[in-house]
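Peer 1: Based on the hints, put chain B in the right spot on chain A.
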Amino acid sequence: MPSKVEKWKDEVYGNEIREHLMEFAEKGWDAIPEDEHDAWFERFKWWGLYHQRSGQESYFMMRIGTPNGVIKPGQLEVIGEIAKEYATGPVDNPEFGEAYCDWTTRQSIQLHWIKLEDIPEIFEKLEAVGLGTQQACGDSWRNIVGCPVAGKDKHEHVDAWPVAEDLHETFKGNDDYSNLPRKWKVAIAGCDEGCGQGDINDLAFEPAEKDGELGFNVRIGGGLSRKEPRLARDIDVWVPPEQAADVAHGMSSLFRDYGDREDRFNARIKFLMDEWGPEKMRSVLQEEYVDFELPTAGEDMRDQYSYNTGSQDGHNDHVGIHEQKDGNYYIGLNVLVGRMGADDVLELAELADEYGSGEVRLTQRQNIIVTDVPEENLDEFTSEPLLENYSPDPSPFMRGSIACTGTEYCSLSIVETKNRQVRYARWLKDNVELPEDHKDFHIHLSGCTASCAQPQIADVSLRGMKTRKDGEPVEALDIGLGGGLGDDPRFADWVEMRVPADEVPGAIKNLVNNFEDAREGGETFRDFVEDRDEETLAEMVEPEETDYHDPYMHNTKMTWYPYAEDDDMQSSPAPTDGSGEPLPSDD
Amino acid sequence: MTTDVHQLDDGAWISVNDSREVNVSDLWLLARSDFCGCETTDFLAEGFVKVGVDYPDIQARIAGQCIACGESGVTDWLTVGRVVDPNSGEFYGVDHESVHFPEKRTRLAHPEK
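As you go down the protein sequences, you meet chains A and B in turn.
Anchor point for the first sequence: position 84 equals 84 in UniProt numbering, and the numbering is continuous, going up by one each time.
Anchor point for the second sequence: position 63 equals 63 in UniProt numbering, and the numbering is continuous, going up by one each time.
Looking at chain A on its own, in the form it has when it is part of the complex (with noise of 0.2 Å):
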């Protein structure tokens, strides 16, 4: 039997959402029947409106989808100017202020508290810069994944941005392709360093040489929800670019088909993929949804590999002064846990426009790059004051942190996030010293094991728990080590679980000093890790309280948002209206 959501999506989805969105919206948040709200909520990811969490009732998360992550000239300071006036909430976040942008983990950019009186004009100031929101959530294809500087890499080896690009403007908005059994995540990259992060998603395009052309190796099933991570799995097909388009048709047109829309949980390809293994995958694809014979796959580059390998070689991020190929530069800014306040935002978008062509680029670690800086313009654009705190040469433990939204927002979040990853990497960078030879040094820290932090790709893992501390529920945290990609990706080892939030600090610094004192030669924390059993590493993670303060060890969920002064869940203002007063209770 179909699932709930799989009727509601006969109904209505795709396009065909906007107009009930916009008729809704002029009318205001009353006018949806209440007893369709969960119909429209789940329809309006769509859109790429997310309903925020209980105790938020009225209030939204958009959800704005730049392809490959690429913000054109001219695109930030809009983004920039809708957050100021659109994403404030009843309260202000002690860290981040009242209004801010979330870079995310795909290439994205997440406002909250957007009111549904507000989308109407929203839409029409982003789409007139060609900016949208349509497929950013929801069963569809997702936003595009890639190598953030594709065209401007001296290691790229195909272009993947105008491949990206086409996918973009195929699929999106496409009524072939508007209601899948679930989300449709999909890497590309052209260059030899793994930074398209293909492995963890569902169709990734890998760069291959066939026979002297260049094109792309597919790989299919990556994913790491629900306690399920599934690295890609090669299908051996190789493509010319000029066919990526009718291969990427050909698989998102069999998991339309094949998927199973009767079971959410069961619903991604990586489960189909479990099913048939990837020679059934491959013939499927051969025999009902492409007309030309698939070539086999080509020569790929995973040796080459270098981004998020613990290596401590090579291109492990984005981060930091890079030339192009064509002579200029791109300046990887460090974004802590990916979060950047609207007047921070806006003054970027101007210095963008001063020293570079007025582009920016958005990268799978939650940082933002300006491109197109001229050799002449480095020093004084790296001098400007706003670069302070979004360095290009920051401390490894402010680069290496990456965090989800958390329960701030989020309704499937055990654990508040961001606020505190940005408390942990001030500390860990005034109390911990990495070894010397290493530069970088990941944490990504998820609320729960959706795993929208990418958790189980990090140097150190954390994952949203509860334990008891002194007989008290207290937020925690699952602590695993030694995940990471490249040629050989590997999943993090779950080795420490349910550590009080307030220990993690300390459980860490006492990791990195024993992987200091037991380490032998020159071996990358990676390595240490995957030389060594469960039980050893445990011992090495010695949870401790320390004089880190952690202002969110209660239960963060109860509270209508973590940071009012009064946070009660019956204190909340939702729902409002449009202008934000709190519409009348049915008690």
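In case anyone wonders, no lab produced these hints; they're calculated from the structure.
Glycine included, each C-beta is placed from N, C-alpha and C at the ideal position.
Residues from chain B shown here face chain A by an in silico Cβ test under 10 Å; the list is partial:
no. : residue
1   : 10
2   : 11
3   : 13
4   : 15
5   : 18
6   : 19
7   : 21
8   : 24
9   : 27
10  : 44
11  : 46
12  : 49
13  : 63
14  : 70
Listing some non-contacts, in silico: residues in chain B with all C-beta distances to chain A over 12 Å:
no. : residue
15  : 31
16  : 32
17  : 34
18  : 35
19  : 37
20  : 54
21  : 57
22  : 76
23  : 77
24  : 81
25  : 82
26  : 85
27  : 98
28  : 101
29  : 103
30  : 104
Peer 2: Here is chain B on its own, set in the frame of chain A:
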């Protein structure tokens, strides 16, 4: 009026008649349960896997783990609240901090995924 129950957002919460009523991340005390070896399971709800109605009870099977011993899995059916009067549709949630007794069931009035 039929009581409409489903789990949404990857099992993040249970909706009863289009109202968000039960959320993940709470701790539930489970007794006489074979979920783990603990006398009382200190169970963290991480996701609602199945929901159903066994009038007047609203029930769920919940994925999660015992935070005392670390055993993880899916509970048997747990009553998470009641809709006593289907005409009003009003939901009365149980106190998750009190002791609960999961039950194996062969009958489910309105199975939901």
